[in-house]
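Chemist: Letter by letter, the chains look like this.
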Amino acid sequence: MKVKLEVNGTAHEREIEPRTLLVYFLREELGLTGTNVGCDTTSCGACTVLMDGESVKSCTVLAAQADGRSITTIEGLADGEELHPMQRAFREHHGLQCGYCTPGMVMAAVSLVTESPDLDETHVREGLEGNLCRCTGYHNIVAAVLDAARSSREGAW
Amino acid sequence: MSILGNRVLRKEDPKFLTTGGTYVDDLALEGAAHVVYVRSPMAHARIRSIDTSEAASAPGVVAVYTGDDVELEPMPPGAPFANPAMVRPWLARGVVRFVGDMVAAVVAETREQAVDASELVLVDYEPLPVVVDPEAAADNETLVHEAAGTNVVFRIPEDFVNVGMVPPEAATEPSDLFEGCDVVVRQRIVNQRVAPCPLEVRAAASQWEGGRLTHWTTTQAPHAVKGSLAQTFGVAEEQVRAIAPDVGGGFGAKIGGYPEELLVPWIARRLDRPVRWVETRSESMLSLGHGRAQTQHAELGGTRDGRLVAYKLSVIQDSGAYPGFGAFLPTMTQMMLTGVYDIAKVFFTDVSVATNTNPTVAYRGAGRPEATAAIERMVDIFAAEIGMDPAEVRRRNMVGNDRFPFTTPTGTTYDVGNYEATLDRVLEAAGYAELRAEQRRRREAGGPKQLGIGLSSYVEITNGIPGSEFGSVEVLSDGRARVRTGTSPHGQGHVTAWSQLVADQLGIAIEDVEVVHGDTDLVPRGVGTFGSKSLQSGGVAVFQAAEQVVDKARKLAADLLEANPNDIELDKTNRRFHVAGTPSASKTWAELAQASGDEGLSAEVDFAAPGPTFPFGSHLVVAEVDTETGGVVLERIVAVDDAGRLINPLIAEGQVHGGLAQGAAQALMEEMCYDDQGNPVTANLADYEFVSAAELPSFETYSMETPTPINPLGAKGIGESGTIGSTPAVQNAVCDALLALGVRHVDMPTSPMRVWRAIEAAEGKR
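Those protein sequence lines, which keep their order, are chains A and B. Start counting the first sequence at 1; every next residue gets the next number (this note's numbering). Start counting the second sequence at 1; every next residue gets the next number (this note's numbering).
Okay, chain B solo, but in the shape it has when bound (with noise of 0.2 Å):
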């Protein structure tokens, strides 16, 4: 009987609940020194001059860095075709650009030696003007970069027309457009920004040995930053060794390499001594990447009978000072524009700006909650403008069984799904009907305490971005088994998926099967963990490595055996390979991998999938809306998913679990705020509204498991679906129970005060 698809519970626990992990800061480094980077408190200022003296005489203090004293290379472009003056600098020369910018490296013996001399760093800034909101920006009247003279970083499509990523005819809107529909419905929209606040905050250890770098770091993708080290070093890849630990989780914003880690190793290569960094919460709130913020403008049309014809949306994108990853959010957003929907007619443009906000990068969904939050929340609005069922419109215009693959008007190829049992399923488990009837019980008396019931129906992409995953198995002399991977799990529990993936072609115990991952000189390359692309990528790899390794086992048990390789069978609860109907003539894995001499019982594989994979399911939220205080509380959160087929269900829902949190905590509770002189107002935990256990209810979920034929297991990925789906879920929820009372629209996060004031706006109007 197969191992794939049971509970198994977690290898990895036992060590995190008894020792805990070891995270980067929990390494012992003999010797360490302690870089405390000064930050910018001001938003665009001039930096007149920095006085270091008296932080260097300061005790402990062994070397303090200005921009000037980098010699390195400029950081590469966060973005391909990004303007280039728009580049980051190490440390700010001349310009601080956002309020958490690096001015400064203070090293001392002791982090509190540092951080105290880091406080005697004396910096004149000469206050520039600021500018904070995307859509000013984009008028350039302040500039963030001057001498890009914009701070406009590209347009879509104009700007993908010149490369050839869009094809000329899509770059002019069509002038019939809306032709066709009775309604069209329109709504600015605000995607806020938001700060992904994984529980572990950025830390980084470096040392140089003869030349040689070890670069312990926080990240999900080692050989990427090993790849960035080597180049901005000068040294051979082989010259690097990234190491990622534990890592307290990641959400997007671990992918890329930021220049507070990056200078860790120059700092411990000009001091020829091992060099450690770790930031504070409050740091990292500055300046580890924020995701979200975009501001929309959507336009839907249909006709009165809920058929959906035409959308259009147009984005102004966020991307902070210095444009990296989150200037691209919209090409997802565009990908994935008109979500599980078939409509003919779209157009689709994009603004991506520059501001004195630190800069955006991909966030647990990157650019794909934004198209879904912007199409659930649409047709929302669209079933109210007809007066018809937000459940009926839905079902009414999915993309039907038959149509796969179905390839959208953005061009995207769905590689399979089953929308419309997805929504009934919801719908079902709910109990939708009486739902309703309960809202419609609760209006007619008029209380203060509304029901609100939120859907949302989505489809994502995983493994968007294409390339191939590194896998190895190798069978070891005592009959245990080692596999390499290329996947940097930070809480994924790929070391248990991947150990089913094997126990199930071998036979070798879920125990006795090792899985190494993380430490680029016993992973020879990888891509890492994002974009919900493991399973689909390096869990294929190991499980066709698997499979090798079963062939080759084979083959040699039948020289050994004196027998044909088809007469050789494996016998996986003994864990031992006969001759078929002589049980007795037999070899143990242990026995084969002795045999098997320097070639060793191994296989290697990089699979490259085909394509990438297209999760989807339905989320229906329940909210109870205090009209008084417009206070929310989310009564029920019910999903159904489907990421083909599940090789952990304990492992996925766990996934589920925490999406459908983050997704809530968007749509309800956070947002990474600055006033309108740049300045955060909400850069720690205490006045971040990081959503807790309270704000929660259990949630119900249901898997439905509909194969992908992209790759052998059928499955693909289920890390960001909970975010996508549950986010326009719980808006529409709140959105829902306050339609009786006039309000059309309130943005996330869908706070009391923000709800009140749309209440108060409403009954102004009548």
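Chain A on its own, in the form it takes in the complex (with noise of 0.2 Å):
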């Protein structure tokens, strides 16, 4: 079947098997690599991305779903050179390690803080439940959110 849709800005239309993930095809099709794979149960977020500014887990989105649709992934976040305030963030408050969970988690991040910009520590964690980390134990993960939702509200964004 034929999918049409856009990533990060740019429009691809490619002939694909019904069943293909949007996950495989951003990493086998498009080679964007930046989108993880950590489970196969929904579970952990690594491969979260933005369709039309609102996060999925694009293991359990067909690409056939994302057909029409405008996808943004973790190559596509910043300016430029100019990294968004999330990535900035976490790279200030050391909210990666390993970098595995990164891309999926700050895309999460992203989407929570651009739909509840007043949101404090406990609605960070409920709000970043479904995205997994094993080496952050989350503390400077959220004090990276919560800087960032502080940057938004001033209107940085």
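Take every hint as true, because none was put in to throw you off.
Pulled a few chain A residues facing chain B out of the computed Cβ check, cut under 7 Å: (1) T33; (2) C39; (3) S43; (4) C44; (5) A78; (6) P103; (7) L132; (8) H139.
Derived list of chain A stretches under chain B, where covered just means 3 residues or more per stretch with a C-beta under 8 Å from a C-beta of chain B: (9) 89–100; (10) 119–129.
Pairwise CB distance ranges, derived in the manner of DEER restraints: (11) A:E17 <-> B:L522: 36 to 42 Å; (12) B:L522 <-> A:G9: 33 to 39 Å; (13) A:P117 <-> B:E700: 25 to 31 Å; (14) A:D79 <-> B:E428: 43 to 49 Å.
Derived from the structure by calculation, the hints contain no laboratory data. Glycine residues also receive a C-beta, built at the ideal position from the N, C-alpha and C atoms.
Fit the two chains together into the complex; they arrive one by one in their own frames, and the hints show the way.
Modeler: Structural data, given as structure tokens:
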């Protein structure tokens, strides 16, 4: 089957197997390997991307379901050389170690803060429950997201 | 001013944050076939037949292999002096011994085709009796390896006396062990099996070119992989290039060579084309080594005034179906048996057994958390028994600062410590007296939400396996520096920390230091990253290589400037050497590198520390337990850790945070469960209780820095301390909340069901 979608601002049209998951479409068809696969039960969130601005786990979305939609992956988040405030906050707060959960975690956090810029620590922790990290203990991730949310409220986004 | 000790932001991060890392499965490998392994759904069964014909003719299938096809020499024993009849076959032959054991390899043009075809392999299994419980396995009624005639891998001390690792007099329990004790408390403790769960599952890719192998793999120790590949394929080591690209966490489970990975080059050689493999998470839960899995019987005796006198620990270690490193975890438990306490009389035994489960391996702490969990839990039970504050019992028995180096009754020599200070600090930071007062108020009020305060004081061993680690520093002709390191970071920030070490010595900017790791063609030798060894071995090697480069540069500058080397000064700010008092007569790093000719301006160091180091600390956890539901909320985790001198406190704190979370997760939630027929019931991330942000509080961490005399940096390891300290602190907090209800002990994980049942059982008794 044929799918037409926009990824990080570029239009793509591909012939695919109907069962192709969005994450494999991104990784294998488009070579966007920043989005990772960490489980097979929609539990870990390593594959999180934005679809029309909202976070989805791309291992649980068929590429066919993304037909006509706009996808943003970690590769499309920065503005050229300028890091997105969420990317910057993750770096400044040491919110990543091995880096494997990071792209999904950052995309989920962007979506979370976009939806609720006034969030507090509990809200961040509950909002990121579907994104697992084995390295950081989440402490610095939570600090980074709260900091980025602050910058969002101050109009920096 | 030194850059060491500064919170330098990580150089690694921009890549991970913008394009993501380059993990094995991200690599493009032209023309690669994909392998998928067919795994046993039975815990123990005889293979009557395997029919691969339908799979072999499925679309895109290139080959299907079974155990009989693999002509390689058997895999080396997973552990020294393990029973040779327990060695793991490459692919199962005749018998499968755990759910996840591999019976066939299906190779196809695409991953999807390989998965589809793997479901067409028909295996006829004849079920055999299953043994899952390690205590039952020790009885040898059901054998995992019939040919071995026993499930026992080895016994400590008996089998260790036989090979001279334990003196004969230590083999018998002293008859007067508990003499002089007013009180002896006893408890069976299960340190449950857990799944390490690095976010990146295992993956490997192999390519042979002209008899030379390039092998990419998710490993913590690429040079060891190179060695085992050369041995497996009977080629010279120079004919193997092992590469650990970005690795998405390891936690000990990615140290060893697994058959899944080592078979990839075998298939690639057989098919004469590149081959790649990546497991699913559900496969990983079945077959990436598990951790812990100790059943312990502990006895702690002492006096009514709180003095600990004697301690006995008997361990049954579950080694899984094919015993490997997991069988040896009790050796580490024995080493750290008495923790921070001065206990005069001890006795330790272990029986490591095979069971019909996934083999166990090292997991963050590897045998030391099991020691700490046992003694720290027992100290609390002892304190409750004599009616003394658990903090006070700890204080009265800690090894004093004037005792170092201190040799424990199990023969371990602690380098340096300041244990009581960490206890004081954590009690003060947490507001201990107020917490106890709040606990009293709640107990008196009798509501459902009770407060628990859990303490844990720990000491652990890092860089515990002796050996040297490689590090080199080279100044390039453009004035930048290149480091090669034998360590193999997978989240620990070595690129940044090693750059700091070089920048500190050479004055070259951190961003102008390149750190090369994880490629055996680019780094001549190395050991890797595990056991919290990297900074104190590989980091020191880099530091010393940098010192040597400065010396070489000084001599070269003296020659060029026609001065005495003693008169040459390194101006780190301006990155140049000049004659003392004459800044204009100078040579830059670039000029010196260019003048160094063929020899280059570089130094290599293999640093072998004279011994391990012993980080220590005290953790305090505040937990609220709902006595009606058994639910536990972690309100606070306060941690004081001392890992000697810190090079980058930001990174060190990150290591502590991750460790605290993993330790709390084991205490509260995580358990890899099998039913009595050996079926794993927590074999994916939906069923396994992987801890998320929602179950944890923000951490309150404090560091102390007591430098170790063992290495010139004064640094100890910080990779595992958090896990070791937090696990018993969380468990103790839960148990402490229930103490007034008559509950003496709750095994980990202290899940709502366990807590609720413990309360019910205690109420039934009253």
